[in-house]
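Given these sequences and hints, build the entire structure.
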Amino acid sequence: MKKFEVENVNCERCANTIKSSLEDDFGYIDVDMSVKPRVLSCDLLDKDVEKFKNELNSLGFSVIREL
Numbered sequence: 027m028k029k030f031e032v033e034n035v036n037c038e039r040c041a042n043t044i045k046s047s048l049e050d051d052f053g054y055i056d057v058d059m060s061v062k063p064r065v066l067s068c069d070l071l072d073k074d075v076e077k078f079k080n081e082l083n084s085l086g087f088s089v090i091r092e093l
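Letter by letter, the sequence shown follows residues 27 to 93 of our numbering.
Read the hints as simulated data drawn from the structure, not as lab findings.
Please note that a few of the clues may not be correct.
Unchecked claim - EDC-like, lysine to aspartate or glutamate: derived pairs with alpha carbons at most 20 Å apart:
{"#": "1", "residue 1": "K28", "residue 2": "D58"}
{"#": "2", "residue 1": "K28", "residue 2": "D74"}
{"#": "3", "residue 1": "K29", "residue 2": "E49"}
{"#": "4", "residue 1": "K45", "residue 2": "D69"}
{"#": "5", "residue 1": "K79", "residue 2": "D51"}
{"#": "6", "residue 1": "K29", "residue 2": "D58"}
{"#": "7", "residue 1": "K79", "residue 2": "D50"}
{"#": "8", "residue 1": "K77", "residue 2": "E31"}
{"#": "9", "residue 1": "K29", "residue 2": "D72"}
{"#": "10", "residue 1": "K29", "residue 2": "E81"}
{"#": "11", "residue 1": "K77", "residue 2": "E49"}
{"#": "12", "residue 1": "K79", "residue 2": "D56"}
{"#": "13", "residue 1": "K73", "residue 2": "E49"}
{"#": "14", "residue 1": "K45", "residue 2": "E76"}
{"#": "15", "residue 1": "K62", "residue 2": "E38"}
{"#": "16", "residue 1": "K79", "residue 2": "E33"}
{"#": "17", "residue 1": "K79", "residue 2": "D69"}
{"#": "18", "residue 1": "K29", "residue 2": "D50"}
{"#": "19", "residue 1": "K79", "residue 2": "D58"}
Claimed, not checked - Restraint-style ranges between C-beta atoms, simulated for each label pair:
{"#": "20", "residue 1": "C37", "residue 2": "K73", "range": "27 to 37 Å"}
{"#": "21", "residue 1": "E76", "residue 2": "D50", "range": "13 to 23 Å"}
{"#": "22", "residue 1": "S88", "residue 2": "N42", "range": "17 to 27 Å"}
Small disclaimer: the values here were computed from a predicted structure and weren't measured.
Positions of the beta carbon are idealized from the N, C-alpha and C atoms, including for glycine.
What follows is the structure, given as structure tokens:
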């Protein structure tokens, strides 16, 4: 399980945008809305991490750091 702190996830609508856009390619994504910055968790292979970050960025959400 990989976890990332992500910027610009301000509401449930943002979280749902991430899920609906990326779950088909990357599997289940959990968004912890109880912390700031928000934390996204998902099962990613190491080879898919950069693609995941790029896809998030294209949606307007930037990865701050991997936890």
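Structure-based check of each hint:
Only pairs whose Cα atoms come within 20 Å are accepted, and K28 paired with D58 is accepted, the gap being roughly 13 Å. For the hint linking K28 to D74, the alpha-carbon distance of about 11 Å falls within 20 Å, and the restraint holds. Between K29 and E49, the direct Cα distance comes to roughly 15 Å. Compliance with the 20 Å bound is thereby established for this hinted pair. A C-alpha spacing of about 13 Å is found between K45 and D69, which places the hinted pair at or below 20 Å, so the restraint holds.
With a C-alpha separation of about 13 Å, the suggested pairing of K79 with D51 holds against the 20 Å cut-off. At roughly 10 Å between alpha-carbon atoms, K29 and D58 fall within 20 Å of each other, so this suggested pair holds. For a cut-off of 20 Å, the pair hint linking K79 to D50 stands: about 15 Å separates their Cα positions. Taking the CA atoms of K77 and E31, the gap is near 16 Å; set against the 20 Å cutoff, the hint holds.
The hinted pair formed by K29 and D72 meets the criterion: a straight-line CA distance of about 12 Å does not exceed 20 Å. The straight-line distance between the Cα atoms of K29 and E81 is roughly 15 Å, inside the 20 Å bound, and the hint therefore holds. A distance of roughly 13 Å separates the Cα atoms of K77 and E49; the hinted pair therefore holds under the 20 Å criterion. Taking the CA atoms of K79 and D56, the gap is about 15 Å. The hint holds against a cut of 20 Å.
For the suggested pair K73 and E49, the alpha carbons sit about 17 Å apart, so the restraint of at most 20 Å is met. Proximity of K45 to E76 is assessed by CA-CA distance (about 17 Å); at most 20 Å being required, the pair is judged to hold. Distance check on the hinted pair: K62 and E38 sit about 13 Å apart at the alpha-carbon level, within 20 Å; holds. Distance check on the hinted pair: K79 and E33 sit about 12 Å apart at the alpha-carbon level, within 20 Å; holds.
Proposed proximity of K79 and D69 is supported: the alpha carbons are some 13 Å apart, at most 20 Å. A threshold of 20 Å between alpha carbons decides the hint, and for K29 with D50 the separation of about 18 Å falls inside it, so the pair holds. Under the criterion of a C-alpha separation no larger than 20 Å, the hint pairing K79 with D58 is consistent with the structure, at around 17 Å. In this structure the supplied range 27 to 37 Å holds for C37 paired with K73, their Cβ-Cβ distance being about 31 Å.
The given range of 13 to 23 Å is respected by E76 and D50, whose C-beta atoms sit roughly 18 Å from each other. Hint check: S88 to N42, Cβ distance near 18 Å, so the stated range 17 to 27 Å holds.
Checked against the numbered hints above, the structure breaks none of them.
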